[in-house]
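Given the coordinates of chain A, work out where chains B and C should sit on it, guided by the hints.
Residue numbers (my numbering), protein chains in the order written: chain A, 1 to 513; chain B, 1 to 315; chain C, 1 to 335.
Honestly, the hints are just simulated from the structure, not real lab data.
Please read all numbers here as calculations on a predicted model, not as lab measurements.
It is possible that part of the hints are untrue.
[Unchecked claim] Stretch-level coverage of chain B by chain C, calculated; a stretch enters the list once three of its residues show a Cβ under 8 Å from a Cβ in chain C: (1) 69 to 83; (2) 87 to 100; (3) 156 to 164.
All C-beta atoms, glycine included, are put in the ideal place defined by N, C-alpha and C.
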Amino acid sequence: MKTIIEMKGIEKRFPGVHALKSARFDLRAGEVHALMGENGAGKSTLMKILAGIYRPDAGEIIMEGEPLELTDPRSAQTAGIGIIHQELSLMNDLTAAQNIFIGREPRKSFGRLDERLLNQQAADIFKTMRLKLDPQVTVGSLTIAKQQMVEIAKALSYQFRVLIMDEPTAALNDAEIADLFSIIRDLKAQGVGVVYISHKMDELKRIADRVTIMRDGEYVDTVPAADTPISTIITKMVGREVKDEALQVPDTSNNPIALEVKGLRRGREIKDVSFALRQGEILGFAGLMGAGRTEVARAIFGADPLDAGEILVHGKSVSIRSPHDAVGAGIGYLSEDRKHFGLALPMDVRNNIALASLKSFIRFPGRLDENAMKKTAEGYIQRLGIRTPSDTQEVKLLSGGNQQKVVIAKWLLRNCDILIFDEPTRGIDVGAKSEIYQLLVELAKSGKAIIVISSELPEVMRLSHRIAVMCEGRLTGILPGGATTRQEDIMHLATLRESMVIETETEMQRRVG
Amino acid sequence: MFTRRTFLGAVSATAVVAATGVAKAADKIYIPLISKGFQHQFWQAVKAGADKAAKEFDIQVTFEGPDTEAQVDKQIDMLSAALAKHPAAIGFAALDSKAAIPLLKKAQAEKIPVIAFDSGVDSDIPVTTCSTDNVAAAALAADKMAALIGNEGKVALVVHDQTSRTGIDRRDGFVKQIKAKYPKIEIVDIQYGAGDQLQSTEITKSIITAHPDIKGFFGANEGSAIGVVNGVKESKKSNVVIIGYDSGKAQKQAIMDGVMAGAITQNPVGIGYETVKAALAAVKGQPVEKHIDTGFYWYDKSNIADPKIAAVLYD
Amino acid sequence: MTNTDIAAPMAATTAKSRFSGAQQKLLAFGTLIILVIGFSLASPNFMQTSNILAILQATSVNGILAVAATLVIITGGIDLSVGTLMTFTAVIAGVVLTYWGFPLPIGIIASLLTGALVGLTSGAIIAKMKIPPFIATLGMMLILKGLSLVISGTKPIYFNDTPSFPLISTESFIGDLIPGVPVPNGVLVLFIVAGLASYILGRTVLGRYCFALGSNEEAARLSGVSVDNWKMAVYSLSGGICGIAGLVIASRLNSAQPALGQGYELDAIAAVVIGGTSLAGGRGTILGTVIGALIMSVLLNGLRILSMPQEWQTVVTGSIIIIAVYADMMRKRKA
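If we strip away everything but chain A, and leave its shape as in the complex, we get:
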């Protein structure tokens, strides 16, 4: 196979950070080349340079033997290089077709748009993707997964020869991932080179031909995907061995119940959900996208109103109408979208930790006791192992894992003894993941009651003392944690649709029981 792209000696500095140190990368026609590395390793920066979004300080990019000058996204597009961004970059108020062809709309004279041709072309692309989607539907009304497919359709429409995919499966369910992979195989067959960035190790084996590993802005190694063990790849990424301890399920059956919900209902999203959570226990929530797990968490936390149901904290019925009530009852919620809901990104670590407990730092006559806040923050930085130069570092400059620890510190300081983690390791790299896992286990040991919602089954299985599975708003079963529960058992419950309930009821009881 011939090489399409070669990047050599790429240097990039941002204020205070040496992001890329003589990085290199090459891509062949018709291959899927995975780019691996922890967050901050420089993969996204390197790919943004290839997509023309950043300009390198030094180094060269060679495309089919010719040096290539990329000044902006448009020049990369002209060269046949496209990128699908990690964060969705769609225009919610525009239709799918309008999004796909933004900047390249079929035009008639005087800048008039040819709307019919636009929709026709979009429909053609959807057909090649085997995607059932109306080109005229407003993107904002689509699910995240469908939006992701629109993003992919947009990239396909350019007929790029090089396509960069930055975590394209983050929002997709298994069926959609399978669809995406068959699209990628079609692209391979057409000779397109695909750069694939993902944190999901199992996907590499399924789709990648070669894997390039980066660490701290430097090139580490390139290995064939098929016959390299995942542990080897991880070791190269982290630069040290990562121990993956087996789950120990403690006996929590005699602990007092911390949280109990009865008959939770909210429209079509939550249908009669009841469960109990004991102190020191980690309860995992598994299910497909849209199964209602996040909705349950938000309802318990008072972020969305309930139609019916009762919430008991430490055996006492509480009325939770707003997050304020929930926090008062000792419930902390760590949203999957830390950037939007969990953190004040431009503020420093100290203030973010103190944010939910500012009242306790107020001194006469309304002054905030910065010293006490500093001491508290430094205490948590040490206790949770938050890697930050100081407590006055802006949170947005921390890595994903350390940001997550800051959020945890915030809720611990607020004395929350029931913690709900929604996708606790989304966007966090492998090394930091196991630290977060370790932290959750320790929190449970110290008596906190913990709910973990995760779309990654291995994560749920690794952490949970018990596993609650949801499907289409219903709690379809609670399985015991540990080695006895197999992935297939969870998938069975996760796909147990309401219409199927009656015929499989007996079977389910047997499994749950």
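Chains B and C in isolation, oriented as in the chain A frame:
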């Protein structure tokens, strides 16, 4: 559906409340007054005079004016809504006479008598004009200023605006009188503060900074005059002669306290009263004079309690 | 149920525009109809041809300004200078026609060009200097207010030497064709401007990028859209429309009033939001805006006809703005 119904409810309720309010007075003679302003105490005093006349003659009077004296088009919209009600007569204080001519012609065609008030209307359509002679009044202010500063020194003017009739007349009346009769008095600055107290305060302070030896200020309307008083106070300046215009609680207080030497007062209550009275006469076909001078007075600490003066001052 | 029955035929006529949500306009339109019916029942003086024409006349300037503001607001920006820009272009027309004595077409071109140039300047300040629109146009508002006074010599400029000038706003072409319906030309101008703007928004690349910018500017940039240039184009277009408003108001008053204009931007923005356009950008329609402007002038005129005291007129208008926008939000939350 809930919100929409509530919304409609609110709208119709408003309409009903308003409608019942009007229905009561429906068969009385109706005379709307379209003024140049509404919020200032001066205009509220004109309104009070008009209301007084309405009560006395048992007719219905409404009083409206735009938010600022620059909003010529809004005043015209008000005039056209007033005409739509087929009133017996109309009182009108034009912000810009020329812009109003088509509507005034329409009134004339419908035989609705137009009474101009305050600064009047540049046209022969109005039956009469009830107003103050602002040029003469400002000249009187200049004479008083000269006497109080000993016929020499620096003075400055803070005027409400440079485009309105009253602004121009009061400024020119004052300036011409000084130039003609008091050659040793120098007018160092004329600034415009939109009749806004705060803006006028800032203007006054900057003039004092630029001319520390200033001896007198003339504030050409209520807001300007109070602004001058505040500006002089905030600059901690003493021995500055302040002459104001119109009245109002703050200005009266400043005169009583001796901060302000005195002020020119028009007779706003009289303007409102005379306008309605003249309108009613015109409706009944009685003769009215072509110009009704509503008068002006100089007032200071010595005569502020004089019943004749007190009657034309407003709070 | 009644509501859906009425909704069906109306929705059909408005469904063409892809960005609308026919209901949104329906809500505003329904409000307008109810206000008209309510006022007609409350006073026989409301439903007179001359009064309806007066309402339309009163809408023309605010309506045109609101159309200009809509374009900018859809991009996620805001333009606080529309009012004083209108005044500035009127003053320029005055200078060209009255002081320099050029013929009418030159004055019209000068006014439109001035508006577009000032818009381009605002756009450049926002796109190139990266000054937030609120601040950039706030600054521009004050600059233009001052310049209008400076250039005019702080006094109104009259158009007495240009006898055909009132043609733009106060005369009536329609009245010449159909006697008895003398719709002033200013209103005709409003409808033409609104029609053109609506076409540009719905059918052209410029319009498409207005929505794209307001929806997700970064995404548009990453898609290779030259965001800065299009932004400047939108502000120029908006400025040009302000130039039209300047001509209409100058023609109506037969003078350029240099002290006028501040405060008009808020009326325009109010009309835009009543019409259902999102201040966050990405969503909005010209038809909604025109209806919003009509609601405001019908309301004001109706309350005057009912002789409601002026201080209460203001209270009612403010309440209606809040209620209208709240109702719109409720509808969206449900959808």
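Results of checking the hints against the structure:
{"no.": "1", "hint": "69 to 83", "verdict": "holds (count 12)"}
{"no.": "2", "hint": "87 to 100", "verdict": "holds (count 3)"}
{"no.": "3", "hint": "156 to 164", "verdict": "holds (count 3)"}
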